[in-house]
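2 protein chains.
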Amino acid sequence: MTNQGSAALSDLPADLSGLVRIETSDREAMLPIVMDMMRSVYPHDQVFGKYCTVNEYINCPPDEVFRYLSHTLSLEEWTYSLRGFAPTDEAGLWLSTDRLGGETYLRTVAHADARTVDYHCAWDQGKHLWMVYLMRVVDARTVLDVDGSVVLWTNCHHPFYDENPYPETVPAGRTEWVGDLWEMFGPGHQLEASNLKAICEYRWANNLPVTPTWMSE
Amino acid sequence: MTNQGSAALSDLPADLSGLVRIETSDREAMLPIVMDMMRSVYPHDQVFGKYCTVNEYINCPPDEVFRYLSHTLSLEEWTYSLRGFAPTDEAGLWLSTDRLGGETYLRTVAHADARTVDYHCAWDQGKHLWMVYLMRVVDARTVLDVDGSVVLWTNCHHPFYDENPYPETVPAGRTEWVGDLWEMFGPGHQLEASNLKAICEYRWANNLPVTPTWMSE
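Chains A and B supply the protein sequences, listed in that same order.
Each residue of the first sequence is one higher than the one before, starting from 119 at the first, in this note's numbering.
Each residue of the second sequence is one higher than the one before, starting from 119 at the first, in this note's numbering.
Hint data in this document are derived by calculation from the structure and do not stem from the laboratory.
Small disclaimer: the values here were computed from a predicted structure and weren't measured.
Using N, Cα and C, we set each Cβ at its ideal position, and we do this for glycine too.
Any given hint might turn out to be false.
Said to hold, decoys possible - One side only, chain A facing chain B, incomplete, derived with CB under 8 Å:
(1) Ala125
(2) Met148
(3) Met155
(4) Pro161
(5) Arg254
(6) His276
(7) Asp280
(8) Tyr284
Said to hold, decoys possible - To give a feel for the contact side, a few chain B residues facing chain A, derived at Cβ under 7 Å:
(9) Ala126
(10) Met156
(11) Tyr160
(12) Leu213
(13) His229
(14) Thr272
(15) Val296
(16) Leu299
(17) Trp300
(18) Ala316
Isolated chain A (complex conformation) (with noise of 0.2 Å):
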């Protein structure tokens, strides 16, 4: 119906470089090219290094989850060690405690449509929150084909994780800083995760509310 076969591409360079496509890598200049770039072993820092993803799948509706996630509050139970939550002057900026490290202030932006819930975050200040905790709540049985929800969760290697911006607001003292953590990210958040799963299929199986009365009062 349309031409769109001869208009794809049509005002790029022919020899653009890095475009690996079937008209000019065949299956057979293809195959090497990935089979190169697979590893029977991953080294962690190709792994977690650049980009942090965990996955999780949870024995509990999407819509369940997603609504727990998109309270601020249920930090305070899945998270290791985020406590003490309480609303700051500015509308949406929460404040608690890492007991890991400090003050962590925190917004919480969640859009139901797609079913993302994204925590922005930062130790010490809450005019730039850096760190951005992004997840989003799949239905499971679209895609794995059973009941329940997976939930996918990246975090991107924020420079600011190497090198603090902000010292003159560390508390005197203390000598760590969140992103001494990045390398134990991708366990630290499974662990998270595990925790999410087995807070919401206890709640979800013993028909509890997943998302406790407390949270949204």
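Got chain A sorted already, so can you dock chain B onto it with the hints?
Showing chain B alone in chain A's frame:
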């Protein structure tokens, strides 16, 4: 302001299995758990077996990349082998040819607020679109402190990859099944994400429309 500290998890058994929180597993107890999950290398199946995620940075604004991806016809350009898209009689359902396999039915679901683009696909039949490509475009300024986009892309290992539940729809003579390729999805999708990067970056850098006019006509 709230007593969430005492309310948190108050409806759950204190010894709920699978929970690792600082109250019951302090830093000294947690560290060996996390260290035990960390590896210098991770086997292919752990990285790409159940979930296949690739991420790519693209030096092109997120709204541009999102708009491009949300056009089904963009797949004609950045995928390795999906070609010849035509609409079907069913609204929003497209038919294309995977030159590595066969007829591919496809429906694109995009949410602009969260910038998610999901391609729901299947080989051979368009009634049950079980192959789902979950993509999301993120503002790289927010997560990496640079202009541009980060594209997150996850496929989940749906059981139909392992066994085609609609063998009666397979064209005579075709012996391959899309799931035979699952092992290669990691590097294969990385290669396609690189195509996407090359195309968007070239157009953006050269003041060309990132979404070509023929695509949106």
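Against the structure, the hints:
1. Ala125: At about 4 Å, which falls below the 8 Å cut-off, the nearest Cβ of chain B leaves the hint on A:Ala125 intact, so it holds.
2. Met148: holds (7 Å)
3. Met155: holds (3 Å)
4. Pro161: holds (5 Å)
5. Arg254: This hint holds: A:Arg254 lies near chain B, its Cβ roughly 7 Å from the closest one there, short of 8 Å.
6. His276: It holds, given that the least Cβ distance between A:His276 and chain B is near 6 Å, below 8 Å.
7. Asp280: It is violated, given that the least Cβ distance between A:Asp280 and chain B is near 11 Å, above 8 Å.
8. Tyr284: Violated - the Cβ of A:Tyr284 stays beyond 8 Å from chain B, reaching only about 13 Å at its closest.
9. Ala126: This hint holds: B:Ala126 lies near chain A, its Cβ roughly 5 Å from the closest one there, short of 7 Å.
10. Met156: With a minimum Cβ separation of about 5 Å from chain A (threshold 7 Å), the hint on B:Met156 holds.
11. Tyr160: holds (5 Å)
12. Leu213: Hint on B:Leu213: violated, closest Cβ of chain A at ~11 Å, above 7 Å.
13. His229: At about 4 Å, which falls below the 7 Å cut-off, the nearest Cβ of chain A leaves the hint on B:His229 intact, so it holds.
14. Thr272: OK, holds: B:Thr272 within 7 Å of chain A, min 5 Å.
15. Val296: Violated: closest Cβ of chain A sits about 14 Å from B:Val296, beyond 7 Å.
16. Leu299: Since chain A brings no Cβ nearer than about 10 Å to B:Leu299, farther than 7 Å, the hint is violated.
17. Trp300: With Cβ-Cβ at 12 Å, over 7 Å, it is violated.
18. Ala316: holds (4 Å)
In this structure, the earlier hints numbered 7, 8, 12, 15, 16 and 17 are contradicted, and the remaining ones agree with it.
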